[in-house]
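K.L.:
In order, the protein sequence lines correspond to chains V and Y. As numbered in my numbering, residues 6 to 121 make up the first sequence, in order. As numbered in my numbering, residues 37 to 145 make up the second sequence, in order.
Don't take each hint at face value.
Calculated lysine-lysine pairs in the BS3-like style (CA-CA distance at most 25 Å, straight line) [what the hints assert, rightly or not]: (1) Y:Lys132 - V:Lys69; (2) V:Lys25 - Y:Lys106; (3) V:Lys19 - Y:Lys38; (4) V:Lys46 - Y:Lys103.
Partner residues are not named here, just some residues of chain V that face chain Y (Cβ under 10 Å, in silico) [unchecked claim]: (5) Ala7; (6) Asp32; (7) Ile98; (8) Cys99; (9) Thr109; (10) Tyr111; (11) Phe112; (12) Gly113.
In silico negatives: residues of chain Y with every beta carbon more than 10 Å from chain V [claimed, not checked]: (13) Thr60; (14) Tyr68; (15) Pro80; (16) Tyr107; (17) Ser109; (18) Gly136; (19) Ser137.
Rather than coming from a laboratory, the hints here were simulated on the basis of the structure. Glycine included, C-beta positions come from ideal geometry on N, C-alpha and C.
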Amino acid sequence: GAVVSQHPSWVICKSGTSVKIECRSLDFQATTMFWYRQFPKQSLMLMATSNEGSKATYEQGVEKDKFLINHASLTLSTLTVTSAHPEDSSFYICSARASGPQETQYFGPGTRLLVL
Amino acid sequence: QKEVEQDPGPLSVPEGAIVSLNCTYSNSAFQYFMWYRQYSRKGPELLMYTYSSGNKEDGRFTAQVDKSSKYISLFIRDSQPSDSATYLCAMRGSYKLIFGSGTRLLVRP
Numbered sequence: 006g007a008v009v010s011q012h013p014s015w016v017i018c019k020s021g022t023s024v025k026i027e028c029r030s031l032d033f034q035a036t037t038m039f040w041y042r043q044f045p046k047q048s049l050m051l052m053a054t055s056n057e058g059s060k061a062t063y064e065q066g067v068e069k070d071k072f073l074i075n076h077a078s079l080t081l082s083t084l085t086v087t088s089a090h091p092e093d094s095s096f097y098i099c100s101a102r103a104s105g106p107q108e109t110q111y112f113g114p115g116t117r118l119l120v121l
Numbered sequence: 037q038k039e040v041e042q043d044p045g046p047l048s049v050p051e052g053a054i055v056s057l058n059c060t061y062s063n064s065a066f067q068y069f070m071w072y073r074q075y076s077r078k079g080p081e082l083l084m085y086t087y088s089s090g091n092k093e094d095g096r097f098t099a100q101v102d103k104s105s106k107y108i109s110l111f112i113r114d115s116q117p118s119d120s121a122t123y124l125c126a127m128r129g130s131y132k133l134i135f136g137s138g139t140r141l142l143v144r145p
């Protein structure tokens, strides 16, 4: 199956700093990438959808100025959590999908963020 | 009412049992149906992908979609302790995936 990587796998930072998470599709070109957030024992919550070369579409309630998404190429998307606070601590997972209506989504291994 | 309903479990079965996992949904526009397996602190892993109604088999896993009843199932035969994980159903029309809440499965040795 298709492989999606994320880096870093975990990060600890101080409150007020910014954190960047990278998502890469390793063996296919992802025209669309998704960013999810997951709290313990809960399902995935879609934060935003990005298409290569265009602005991300954010879900209702997600602050676009806080969660900056860049999809600069067909294999790379980044999520930057700006001025992180303890309530931003969570498990962030990216997903990538190739072009075509029947293409499915493949997920990265996730990034665990802890803001102190 | 949620678009996708899934029993959160936990579901505990002995090794070797047949496991049945299910989801119901309300949106008749859904065309693509998936099952993902997620181990603790890991990203979801795609298990099965089905387009429209019907059955699909892959090794010990069988996925069924009944669009008339808006009901999908995942069967796991000869379950193993390594199958212990959370199973997420997911479906979509033309755009974004809608996930069930996930069912926690525990296969006892």
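K.L.:
All hints are to be evaluated individually against the structure, with a verdict given for each.
P.N.:
Quick rundown of the hints versus the structure:
1. Y:Lys132 - V:Lys69: Within the cut-off at roughly 18 Å; holds.
2. V:Lys25 - Y:Lys106: With a Cα-Cα distance of about 40 Å, the restraint between Lys25 of chain V and Lys106 of chain Y is violated, given a limit of 25 Å.
3. V:Lys19 - Y:Lys38: violated, 37 Å
4. V:Lys46 - Y:Lys103: violated, 28 Å
5. Ala7: Hint on Ala7 of chain V: holds, closest Cβ of chain Y at ~9 Å, below 10 Å.
6. Asp32: Hint violated; Asp32 of chain V Cβ to chain Y Cβ min 14 Å, cut 10 Å.
7. Ile98: Since chain Y brings a Cβ to about 5 Å from Ile98 of chain V, closer than 10 Å, the hint holds.
8. Cys99: Status holds, d = 8 Å.
9. Thr109: Result: holds, 5 Å to nearest chain Y Cβ.
10. Tyr111: Because about 6 Å separates Tyr111 of chain V from the closest Cβ in chain Y, which is inside the 10 Å limit, the hint holds.
11. Phe112: holds, 4 Å
12. Gly113: For Gly113 of chain V, the interface hint holds, since the closest Cβ of chain Y sits about 5 Å away, which is under 10 Å.
13. Thr60: holds, 15 Å
14. Tyr68: violated, 7 Å
15. Pro80: With a cut-off of 10 Å, Pro80 of chain Y comes too close to chain V, as the shortest Cβ separation is near 5 Å.
16. Tyr107: The assertion about Tyr107 of chain Y holds, with a minimum of 19 Å to chain V.
17. Ser109: holds, 18 Å
18. Gly136: violated, 7 Å
19. Ser137: At about 5 Å from chain V, Ser137 of chain Y fails to clear the 10 Å cut-off, so the statement is violated.
Going through the hint list in order, the structure does not satisfy hints 2, 3, 4, 6, 14, 15, 18, 19.
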